[in-house]
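Colleague: Listed here are the chains, written in short residue letters.
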Amino acid sequence: MDLTVEATKIGEVIEASTGKFTAQCYQLNQAPPLGSLVKVGSMPSEIFAVVYNIENHSLELGRRPIARGESEETEEGIFRANPQLSKLLCTDFNALVLGHRQADDIAHWLPPKPAYIHNFVYTCSSDEVRDFTQSLHFLSLLVAANLPTPVEEITAACLRYSSQAHDDPHAFLVKAGKELATLLSGDLKRLNSILKKL
Amino acid sequence: MEEEKNLGVVVSGSLNKGLEVKLDAATSVEDISVGSYVTIEGGKRRFFGMITDISLEATDNQIIHSPPDISNPLIAEVIAGTATYGKLHILPTLTIGGGATEILEGPQPVKSLPGHFSPVRRASPRDIELVFGKEDEKQFWVGTPLDMETKICLNLAEFVKRSNGVFGKSGTGKTFLTRLLLIGILQKRQAVSLVFDMHNEYGWEGGSEKGYKVKGLKQLFPSQVAIFSLDEEGSKRRRVSTDFIVRIGYDEIEPEDIQLLCQTLNLTDASVQAAYQLAHEFGDRQWLETTLSIKDKEETKELLSRLNIHESTYRNLRRGLEMLRRLPFLVPKSPDNPVQRILEYLDRGINVILEFGRYEDFTAYILVANLLTRRIHAQYRERKERALGEDTTPPRPLVITIEEAHRFLNPQLSNQTIFGIIAREMRKYNVTLLTVDQRPSGIDAEVMSQLGTKITCLLDNEQDIDSVLSGASGKSELKTVLSRLETKQQALVFGHAVPMPVPIKVREYGTDYRQFGQVDLSAVVSEAQQSQEAEDLWAD
Ligand SMILES: Nc1ncnc2c1ncn2[C@@H]1O[C@H](COP(=O)(O)OP(=O)(O)O)[C@@H](O)[C@H]1O
Ligand SMILES: [Mg+2]
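Those sequence lines, one after another, are chains A and B.
The numbering of the first sequence is the numbering used here, which starts it at 1245 and goes up by one.
The numbering of the second sequence is the numbering used here, which starts it at 7 and goes up by one.
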């Protein structure tokens, strides 16, 4: 899950609310990694979010793919033999909104409006990741979220991922850990389960 | 000025109970010790205080039941100072700087508190100096804070105004400390001293447990100290240059002295009573000699029936008096008047140290200290009263040092002995006490409460600790500090002569006397040599 130098366009918003959105990827199986930061829209109003769930499924609701590779040597062979398949399957991911850009400043609170349907979604460049995680206030939105995937997993993944954008990843993790310790001061179990994964 | 590092911030507290300070994650609890000084930067003024307790805290008590995996260095680092943190308890005592009064009059007692989250720092040497002052004509350097090299001074002008106490269990450094205080009193000339030196440690030389000898006052200040001795032979043997050999005449001994000795001489109440009766019969100055000279059985019988003294009572008393008779410094008629001699020296500003030589038992000590002090006090009293009436100069302030003070000042005796009177009357007649004791709980509580400044080394008996600290503000905090002192050469000082309670490492004594203004001849010589050698470097 390496950081990219450039922000890369990867898909489009297909469903959005104030706190979350779902995006569809242009390429099958090419979702950004769990816990990575993505952004929606373009300057000056961008929304930042963390990937918390990824799904690969068939495009037509209710139609389940069937197993086709019994006579194939490799998995790629299945796609070569059935070129229409990649048009019938797709990759979606869900992201939790952690902040947005107001003029030049990064705000670690919810944007006034949700993302629009068909807004482009980009991975963040490593500079953007560093800027966004310079202050750790976004962690309060993250640990308070109610998600279908365990929040501790997402938090740990997000911090591991973001730490690579900082000059001293260890110091970043310690600082983030301390912020978490304050946020979760009454809930040591959760704190512990995050820290263990860093 | 060098800024000290932040230790943490104030999180709660009260004027009564002190402040709670949350340690910053960057400060390790292990670097903090009880008794250290801190300053607290309030919004309007700076506060000065002492760390009196340190505790380990956790935001969630669960952590005690399921401790985090601190073998993971990241977790250990994160947890320190957040989920778990150190807490300091601080007793704020003074405000320094800031307000106009502090600038004009120096540190003031605290009447307010610093606000929430005021930063707390270690006190800098300058802060300490601001609070405890610099060495000067009144301020005597007694030691350093436990964790710094700055000087802590005692205001000797204040010190000698009241009776004071030096406490600590055996071997903690009372004698070394007392010797220092005596030097301070001598050097700052705030009073003149009379020392009842039971173990011959102050006058000529004392011993250190480390095996070497240390100089006594006479060796350091020969012209300002006189050694009186009760034991001529002993002093000669120890090659002490004595100024006067004390002999005490029977006529000096009063029934009151016998009363004080009732424990050491094993006398019953009735025999003490009998001594008073005999004194009444034969006169205060004659009774002892007369009683001791009665040999005739008939005569004795006649006397006893006349005074209505029981035979067994008389035997008990007589046996006690015979023990006194065996003390060689007691003579029927003294060739000289020791009280007068002592006063002559004191009047000239010369400190008198009375060595007991080989008479290190309590009988001799109690008898002599009490007897001489009573007479000297009477003279002081008379002169002071005369000075008030006739406008003559009052006698020079006198500090009398006694060891084993509980022998004189226990609740049974303190109302009767001259020492009890002196301790209670403060400086009315220009006489105060410096009491040295290892069992302060044996001293009358009322006397303890009159002591102006108490300097206590380590004590481990609960009653002793309570008796020393009774009446001190912040008692429970001071108790923690006191119980954490090292077993030697550390002491807690509190009372009139210091602006706030202060634990100190007592100034080192016995290795370098130059700091007491003593010229070390070898140093002078080598300096002269050096400058000569330097001269030689240049060709003429
Ligand atoms: N200020 C000091 N300087 C040097 N040594 C000291 C000092 N205070 C105590 N000591 C050491 O501790 C020993 C015991 O001290 P002492 O004053 O004799 O104790 P105490 O009178 O309380 O029984 C001394 O012999 C000496 O070695
Ligand atoms: Mg001693």
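Worth flagging that the hints you see were computed from the coordinates, not collected in a lab.
The structure displayed is predicted, hence computed values, not measured ones.
Check the hints yourself; a few may be wrong.
[As the list claims (entries may be wrong)] List time: in silico DSS-like cross-link candidates among lysine-lysine, alpha-carbon distance up to 27 Å: (1) B/Lys11 - B/Lys216; (2) B/Lys11 - A/Lys1419; (3) A/Lys1433 - A/Lys1253; (4) B/Lys28 - A/Lys1419; (5) B/Lys301 - B/Lys481; (6) B/Lys28 - A/Lys1422; (7) A/Lys1433 - B/Lys494; (8) A/Lys1433 - B/Lys11; (9) B/Lys140 - A/Lys1419.
Colleague: Run the structure past the numbered hints and jot down the numbers of the failing ones, going up.
Modeller: Violated: hints 1, 3, 5, 7, 8, 9.
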